[in-house]
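K.L.:
These protein sequences, in sequence, are chains U and S. Each number in my numbering corresponds to the 1-based position in the first sequence with 38 added. Each number in my numbering corresponds to the 1-based position in the second sequence with 74 added.
Please keep in mind that the hints were generated in silico from the structure rather than gathered at the bench. Treat the hints loosely; a few may be bogus.
[As the list claims (entries may be wrong)] Output of the computed footprint for chain S on chain U, the stretches with three or more beta carbons under 8 Å from beta carbons of chain S:
1) 173 to 181
2) 207 to 220
3) 266 to 272
4) 311 to 318
[Said to hold, decoys possible] Residues from chain U that face chain S, not an exhaustive set, calculated with beta carbons under 8 Å:
5) GLN99
6) ALA135
7) THR161
8) GLY240
9) ILE244
10) GLY300
[To be verified] Residues of chain U clear of chain S, computed beta-carbon distances all greater than 10 Å:
11) LEU69
12) VAL168
13) GLU230
14) LEU330
Glycine included, C-beta positions come from ideal geometry on N, C-alpha and C.
Next come the chains, spelled out residue by residue.
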Amino acid sequence: MARLSIPSEANTAAWFFLAPALLLIGVFFFLPVAASLVLSVTDFDLYGIADPGNTRFVGLQNYSKLLQTPDFWAALRNTFYFAFVGGPLTIAVALGAALLLSSKLVRFKGFFRTIYFTPFVTTLVAVAIVWRYLYHTRYGLINYGLSYVGIGPIDWLGDPDWAMPAIILMAVWKSFGYNMLIFIAGLQSIPEELYDAAEIDGAGPIRRFFSITLPMLMPTLVFVSVVTMIGYFQLFAEPYVMTQGGPLRSTTSVVLLMYEEGFRWWRMGYAAAIAFVLFVVILIATLLQFRLQKERA
Amino acid sequence: MSSRESVMDSARQRERITRVLLYTLLVIGAVLALLPMVWMVSASLMPSGEASSFPPHFFPSRPTLEHYTDLFTRLNLGRYLLNSAFVALVVTSASLIINAMAGYAFAKLRFRGRDRLFRALSTGLVLPVQVAMLPLFLLLKNMGLINTYWGVIIPGLASIFGIFLVRQYALAIPDEMLDAARVDGASEFRIFWSIVVPGIMPILATLSIWTFLATWNDFMWPLIVLSDASHYTLPVALANLSGEHVQDIELMMAGSVLTVIPVMLVFLFLQRYYIQGVMAGSVKG
Chain U
39 MARLSIPSEA NTAAWFFLAP ALLLIGVFFF LPVAASLVLS VTDFDLYGIA DPGNTRFVGL
99 QNYSKLLQTP DFWAALRNTF YFAFVGGPLT IAVALGAALL LSSKLVRFKG FFRTIYFTPF
159 VTTLVAVAIV WRYLYHTRYG LINYGLSYVG IGPIDWLGDP DWAMPAIILM AVWKSFGYNM
219 LIFIAGLQSI PEELYDAAEI DGAGPIRRFF SITLPMLMPT LVFVSVVTMI GYFQLFAEPY
279 VMTQGGPLRS TTSVVLLMYE EGFRWWRMGY AAAIAFVLFV VILIATLLQF RLQKERA
Chain S
75 MSSRESVMDS ARQRERITRV LLYTLLVIGA VLALLPMVWM VSASLMPSGE ASSFPPHFFP
135 SRPTLEHYTD LFTRLNLGRY LLNSAFVALV VTSASLIINA MAGYAFAKLR FRGRDRLFRA
195 LSTGLVLPVQ VAMLPLFLLL KNMGLINTYW GVIIPGLASI FGIFLVRQYA LAIPDEMLDA
255 ARVDGASEFR IFWSIVVPGI MPILATLSIW TFLATWNDFM WPLIVLSDAS HYTLPVALAN
315 LSGEHVQDIE LMMAGSVLTV IPVMLVFLFL QRYYIQGVMA GSVKG
């Protein structure tokens, strides 16, 4: 067989280096992803775990049932709420912090950068527990602080209207530092001469931001948006620890619903359908973002 | 005073005002970023009941370590600490070798279908891990690995992102260096170990801290795999504890401190490498 110009011993060596990684990723990631699609068209449940013979092919029944279940629509709505309010908010805070830290007038940049980044490296479960108490209606520091500016106690995690904003606030605090670092890297790559030229032409700071910084930062902004959005679509630990998806299902996310259906009630076929809807949502959102980027360019 | 001096004076004045404004914003931001962590440590030192009194105390009236001793004597937290450390260390060291080997092969070895294979692998970056979780659980169950450390460890041993990072970095190794070693009769593994690994050390350092922190902080997968308390990692144990001991705020804060402090120390000592990883991850391939 023709082997192009590559000697066969080079092939052998390459496969020796690749085998462990490809085997692991193939067996423990790509294979399960594919199997998930199969699982989603079966009624695999607790009886299936006991004996796979109890499993039947049900076609798209899981999907049609899903679309008729209010809990699923609530989970989808909550997840979108989280991604489309929390995502832009995180990016805005991150960009603000990055701009502050990129000013020539500021010293101790490394010090502030480290502080802002600290929440990102902390363990989500631990800080979610901390925030649960900060949000406490009576003993929480947040309501106590608000009482000083004349705002009455808010039942942050107990009121269906406030639970999602509360989780978003915590998520923004936890994750803006990561995006901030990427923005700082992006800002550093903008040539200084552009600003100098604009300043000579009499452009003020706001004009300079919209005419130079923002357009030059566009690729970074798209990258950050995609990564943040994908991360936020996978919301799980915050509601699991802080609210258990309540009150009144107001913080149940798609992944939390998948976890409950799959690993608490063992309706794995049904849960696999939920997982696939999540995948499709993430795929569409990612493609849309890249399409937007192309149109602007 | 000449008009020129006064113009410079007002420019300097404006700069001073801007600077004060910038620092004010930065300090407010820093306080907001640190406040929850400071309160966590502070509340963990309060005597029982003080964190749930009104008006709220910010500092303990009488600092005590009783909640920490409680965690170790009564609640077995030492065990969970060891479990977390074991899982994170095994995943970090083994995945480092596995990802480095694959990343190097994609960057520097020539074989049929290399670029197509790499592109196929890269599609995995947009697949959410949650999609794999249900069949993965069934697979590991059939292998008898549910409720074992290996069930937590194995899916983390190879990472597409890790391979991707190593590949980017290894591309810069000059081919002449590798060819020279080949002419001298060095085996491919010898070349990898003695030339490539030292050459990509910075990215390996970055990747190891990255992996360690991600594994230590991971929650959903250990929660699914581990059902027996003796195998719990810290986040799972803590989430479980918070379900049972909701009332004892000080105890929960002590548990949170013990979960968070180790990773924060690792980060603070090695932040240079960690931050490089964030920046490297944002480089468009």
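K.L.:
Decide, hint by hint, whether the structure agrees.
P.N.:
Comparing the hints with the structure gives:
no., hint, in the structure
1, 173 to 181, "holds (count 5)"
2, 207 to 220, "holds (count 5)"
3, 266 to 272, "holds (count 3)"
4, 311 to 318, "holds (count 4)"
5, GLN99, "violated, 17 Å"
6, ALA135, "holds, 6 Å"
7, THR161, "holds, 5 Å"
8, GLY240, "violated, 15 Å"
9, ILE244, "violated, 14 Å"
10, GLY300, "holds, 5 Å"
11, LEU69, "violated, 7 Å"
12, VAL168, "violated, 5 Å"
13, GLU230, "holds, 18 Å"
14, LEU330, "holds, 16 Å"
When each numbered hint is compared with the structure, violations occur for hints 5, 8, 9, 11 and 12.
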